[in-house]
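J.: Spelled out, the chains give:
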Amino acid sequence: MMDHCFVLAKDSFAEFFESLSKLGRVYAPVKVSDQSYSFRQVESHEQIAFEALRTILPPKKYFYPTQETILRYNDVQIEEHKPEIDFQILFGVHPCDLAGLGIMDTIFTAGPADSHYLNRRQSSLIVGLSCMPDKHCFCQSMGTDCPESGYDLFLTDIGDDYLLEVRTAAGVKAVDPIMPLLRAAGQDDESRYKAFWSNRAQAFTNGFKPDNLRSVMAMEWDNKIWDEMADRCLSCGNCTPVCPTCYCFDLVDIASLNGTSGERRREWDSCQFVGFAQVAADYNFRPGPVDRLKFWYRHKLHGFDDPFGFQTCVGCGRCTVSCPAGIDDIVSVVQALQATNQAKTKHDAN
Amino acid sequence: MTTTTEQKTLPCIAVESLTGCAGELLVILDNLEQLLPFVRIVSFPFAQSKNECGPVDITFVEGSVSQPHDIEKLKRIRSNSRWLIAIGNCAVWGCVQAGACSRCHVEDMLHAVYGDESPIKALPARPLSDFVHVDAMLSGCPINATQFLSVTASLLKDHLPYITHKPVCLECKLRENPCVLIEKNLPCLGPVTAAGCGALCPSLGAACYGCWGPCQSPQMAAMATILQEKGYQLDEVLSRLQTFGAPDTLFARMKPDAEVA
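In order, the protein sequence lines correspond to chains R and F.
Using the numbering used here, you'd call the opening residue of the first sequence number 1 and step up by one each time.
Using the numbering used here, you'd call the opening residue of the second sequence number 351 and step up by one each time.
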């Protein structure tokens, strides 16, 4: 599908934002510390941190909240909890996060579809924004560096203007009130657009050759670097909430003191916690940090051996910057695994 | 308080204390109104003057075992209670009186505080589960009221309660706090400390100091390595990790390395 392309002068961004905010609450990256950004509700365009590359949590939190009530029960019935969902606008979603949402869509819409996720997704407008990579970005290696879908509108920074791509019917509706601010993209605008994406493709300093990644992940299951990393692993689980595609949750029933009613809540969980794979009779499928770390890496870079056996890493670099132990430097790990002539196991090394 | 017939059919609970700061008792007192319609409080010496010592459905015990009479009292409580629940870090891990005080000999401390003729007989502080079977352990310093009420609700239905043993880092990330361990190089113990507080300290920009005791399977050796790399001396790191009563067994894996370092 061809996107409709328009030019929005940066001077007109305030009016563009005003128009968006009439549709619903706008969430955009906001600076929250020296090094960190977070998607938060913004009332004015001046609050938006346009320079933000990665937020602490990815935008999945707006479709799959960190904690939510699934059902309520009492002594006579169980009732599915239907959350109130207001229309929301996510502004400033970069290509890696769009790819992440695409993966989450696949997972949450596979039958039985998750209605909470779907309803939130359907009452959202996603406005993408171009970015330039920093030293941790490796979306190019994962093939998620160009926005392909998952957005309604996408803004590419072409100097004094944005090139505005309108992808969906919802996007058309959203730009309709501001059509007077826009002009159709001309040849010069298209040249600036192509120059931006060409320069961006050259700007990556981090990455690896992705061709044989799945095979290498399978071959190097016993590589000694897993043990070396696991010796440093805190099992803090920080790598999973920050991942745009980690979707595991825990379900907890919370009883009321009256003994007849209560609710079931789900909350983000992490495969890095020892209790995650603990089952009856105190058996644990992944008892040690090394088992859990490898499991996560495999899901991200190889995929599970199931119908969804695709890689789920989008190269955003969040795990790399969120790991207190510095062991989620995915690019270095992949490079080490791809290298030949290395001692494969601790045993070989001795 | 007069006891009505209706009250007598309600489940009986007791709230007892050994050696602690009474923080847990204050939390329960604060939430007593929510409990009262559903239970009869037969014993709560901190809050009421008339206490019974008969059989009890649920006894919550705060404080560590730190004196000989604590042991006798605990055994009596155990034999009277269907459910015995340890509440607060003192009862679950032994807290500061077990962790921080383990660096000194109990006799020396006793002498320093009470002189030659001490009226007190002190023991090295230990958690309840070293002496009796404990049905569930709810840590905290003090305990979290929501968790306490939820635990009580489960017990009233005769269910073993769900109590999270995941690390503080989870609660911290779910609040989307900037990581103080990474960004400020603070000696945050969130990765090895049990959640339940809602990541209170890191949410205010301070390091977690581990007051809820260890999470499930804490990676103490890795935690020590990472703090040492940030410039903290090993003895300080160990002291921080052990202050709130984390038992020696959790450090078994790191002790040899520590000696090398």
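Do not take every clue at face value.
Here are the simulated DSBU-like pairs of lysine-lysine, each with C-alpha atoms no more than 35 angstroms apart in a straight line [unchecked claim]:
1. Lys423(F) to Lys61(R)
2. Lys471(F) to Lys61(R)
3. Lys400(F) to Lys423(F)
4. Lys82(R) to Lys22(R)
5. Lys507(F) to Lys82(R)
6. Lys400(F) to Lys209(R)
7. Lys31(R) to Lys507(F)
8. Lys400(F) to Lys31(R)
9. Lys224(R) to Lys580(F)
10. Lys224(R) to Lys31(R)
11. Lys224(R) to Lys400(F)
12. Lys507(F) to Lys135(R)
13. Lys423(F) to Lys135(R)
14. Lys10(R) to Lys173(R)
15. Lys400(F) to Lys61(R)
16. Lys224(R) to Lys82(R)
Footprint (simulated), chain F over chain R, 3 or more residues, beta carbon under 8 angstroms [unchecked claim]:
17. 32-39
18. 213-227
Since the hints were made in silico from the structure, they are not lab data.
Even glycine gets a Cβ: it sits at the ideal position worked out from N, Cα and C.
J.: Quickly compare the C-alpha distance for Lys224(R) and Lys580(F) to 35 angstroms and report which way the hint goes.
T.: Measuring from Cα to Cα gives roughly 25 angstroms; hence the hint holds.
J.: Report holds or violated for chain F covering the stretch 213-227 of chain R, Cβ cut-off 8 angstroms, minimum 3 residues.
T.: violated (count 0)
J.: Next pair to validate is Lys400(F) with Lys209(R); report whether the Cα-Cα distance is within 35 angstroms.
T.: 76 angstroms, violated
J.: Would you check the hint for Lys423(F) and Lys61(R), treating anything up to 35 angstroms between C-alpha atoms as holding?
T.: Measuring from Cα to Cα gives roughly 49 angstroms; hence the hint is violated.
J.: Going straight from one Cα to the other, do Lys507(F) and Lys82(R) come out at no more than 35 angstroms?
T.: 27 angstroms, holds
J.: Under the criterion that the straight-line Cα-Cα distance not exceed 35 angstroms, is the pair Lys224(R), Lys82(R) satisfied?
T.: The hint is violated at about 48 angstroms.
J.: Just to be careful, I want the Cα atoms of Lys471(F) and Lys61(R) compared with a cutoff of 35 angstroms; is the pair within it?
T.: 55 angstroms, violated
J.: Taken at face value, is the distance from the CA of Lys135(R) to the CA of Lys423(F) at most 35 angstroms?
T.: 62 angstroms, violated
J.: Has the given pair, Lys224(R) with Lys400(F), been kept, meaning a C-alpha gap of at most 35 angstroms?
T.: 65 angstroms, violated
J.: With the threshold set at 35 angstroms, check whether the alpha-carbon distance from Lys400(F) to Lys423(F) stays at or below it.
T.: Holds, at roughly 18 angstroms.
J.: Hint check: Lys400(F) vs Lys61(R), CA-CA at most 35 angstroms. Holds or violated?
T.: Measuring from Cα to Cα gives roughly 51 angstroms; hence the hint is violated.
J.: Given that the stretch 32-39 of chain R was listed as covered by chain F, double-check it with a C-beta distance under 8 angstroms for 3 or more residues.
T.: holds (count 6)
Checked against the numbered hints above, the structure breaks hints 1, 2, 6, 7, 8, 10, 11, 12, 13, 15, 16 and 18 and satisfies the rest.
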